[in-house]
Structures are given as C-alpha cells and as structure tokens.
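Undergrad: Chain residues, written in single-letter form:
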Amino acid sequence: DTGVSQNPRHKITKRGQNVTFRCDPISEHNRLYWYRQTLGQGPEFLTYFQNEAQLEKSRLLSDRFSAERPKGSFSTLEIQRTEQGDSAMYLCASSLAQGAYEQYFGPGTRLTVT
Amino acid sequence: GDSVTQMEGPVTLSEEAFLTINCTYTATGYPSLFWYVQYPGEGLQLLLKATKADDKGSNKGFEATYRKETTSFHLEKGSVQVSDSAVYFCALSVANTGNQFYFGTGTSLTVIP
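So the sequences go chain by chain: G and S.
When we follow the working numbering, the leftmost residue of the first sequence carries the number 9, and every step to the right adds one.
When we follow the working numbering, the leftmost residue of the second sequence carries the number 26, and every step to the right adds one.
Bound-form chain G, shown alone:
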C-alpha cells in the first residue's frame, strides 16, 4: 500500500494560464474525491468518481474546472484560465465504496496563482 500520491506538490502559475494536477489513488479503491483547502479552513468537496464515472460535482466547481478519471485509475483536475482566487491546496482522497468509507488523503498540490 503506497498511499495516495499527488503531482506536482507545488505549482506556481500566472493568472490566465491552465494547470493540471494528477492524483493516483490507493490501487484497490474505486472511489476518488477532490477537495480544495484554503488557509485556516477545512477541506471543501469539489467532485468525486466511482470507478470512471463522475457522480457528483459541487457548486464550487465552476465551468473552468474539469476532472477526469479515465479507466477508473488515476485522476486529473484541470483548471482553465486560472484566477488568483484559485490559489489553494488541492487534495485528493480515495476510499472503498463499501465499509466505513474512511477516506485516505494524498499530500495535496499547493497552487499559487500570481
């Protein structure tokens, strides 16, 4: 069990650029979640997948955000035309669909938009 991994760990970009983050979940986990965490706050749900299907999206997820999980393995989160307000830590978590549903979190990708 290698845990949830995320890349890159840090990303600095200029306003208006596009960025893409990757998440590799724990291999046997069929659910994958994306959260956003800003300083001094708890993580906020963005979206989740069960296998390759994106089942729910938060109202926080504007149309500039898109997420994919091809083949039900790794996932990518893309932000188009970044804004300064997108600066945050983006967290990925995975879980089994059965059982106590605890989620295992990756280390996060810290995005800074200048």
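Incorrect hints may have been included.
In silico DSBU-like pairs for lysine-lysine, Cα to Cα no more than 30 Å straight-line [stated by the list, open to error]:
id, chain 1, residue 1, chain 2, residue 2
1, S, K102, S, K77
2, G, K65, S, K93
3, S, K102, S, K81
4, S, K77, S, K93
5, S, K77, G, K65
6, S, K93, S, K81
Since the hints were made in silico from the structure, they are not lab data.
For clarity, every value in this text was computed on a predicted model and none was experimentally measured.
Since the structure of chain G is provided, determine the placement of chain S on it from the hints.
TA: Frame of chain G, contents of chain S only:
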C-alpha cells in the same frame, strides 16, 4: 444541509494536560463521524472514526464518542504530548451524498513542554 461546527482555536496546552476539542454536526441522514489530524507539512491522516450512535472511536490515546442525542463528537485525550501538536479536523459523511466529507474549520493545537 450537512455541516460540522468545530471549536475554534488555537489551543495551547502544557504537556500532560487534558484535551477536549468540541465538535457538533448537522446531518440530513445518518452520518459516520471522523477525526482527522494534520501534522505540520503533512497531509490529512485519519485519527479515529465512529459509524453509529454510542460508538467510541479511539487511537493513540485519543477518544471520541458518537452522541446522537446531542449531535456531538468531541475529541478528548487525557494527557497530551508535544508530538500531538497539529491541526485537528472533525468531519462527517452521509451515504446518500456519495460519502463526500464535510469538514469543520480545524482546531490548531500547540503543546508546550
């Protein structure tokens, strides 16, 4: 809607002091409750969980009891150590919302020798 209200910090305690961090919740369904911990520079780690009323979750000397009557899940530890310094997050998930987590705002704990 579903939400978690968590005791605001920061909290500073001397080593071996008793710790309580309050957490109350609102849920549309029957939630599972969790405490996560985030050590400096690290990701969120599951500390303990409880999935039904009156369950007690425990780990590393920390405990929390699922109280449906008071909609609470307070975190306690009898004797804190310097190594417990971290941010603690209370969270809930409800099966009918895809088990997305709703987190509190976090409570920063600093333990001084």
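Undergrad: Measure nothing beyond the straight line between the CA atoms of K102 (chain S) and K77 (chain S); if it is 30 Å or shorter, mark the hint as holding.
TA: With Cα atoms ~21 Å apart, K102 (chain S) and K77 (chain S) stay inside 30 Å; holds.
Undergrad: Holds or violated: K77 (chain S) and K65 (chain G), Cα atoms, limit 30 Å.
TA: holds (27 Å)
Undergrad: What's the verdict on K77 (chain S) and K93 (chain S), does the C-alpha distance respect the 30 Å limit or exceed it?
TA: Since the Cα atoms of K77 (chain S) and K93 (chain S) sit roughly 8 Å apart, the hinted pair holds (cutoff 30 Å).
Undergrad: Under the criterion that the straight-line Cα-Cα distance not exceed 30 Å, is the pair K65 (chain G), K93 (chain S) satisfied?
TA: holds (29 Å)
Undergrad: Just to be careful, I want the Cα atoms of K93 (chain S) and K81 (chain S) compared with a cutoff of 30 Å; is the pair within it?
TA: holds (12 Å)
Undergrad: Are the Cα positions of K102 (chain S) and K81 (chain S) separated by 30 Å at most?
TA: Holds: K102 (chain S) and K81 (chain S) sit about 13 Å apart, inside 30 Å.
Checked against the numbered hints above, the structure breaks none of them.
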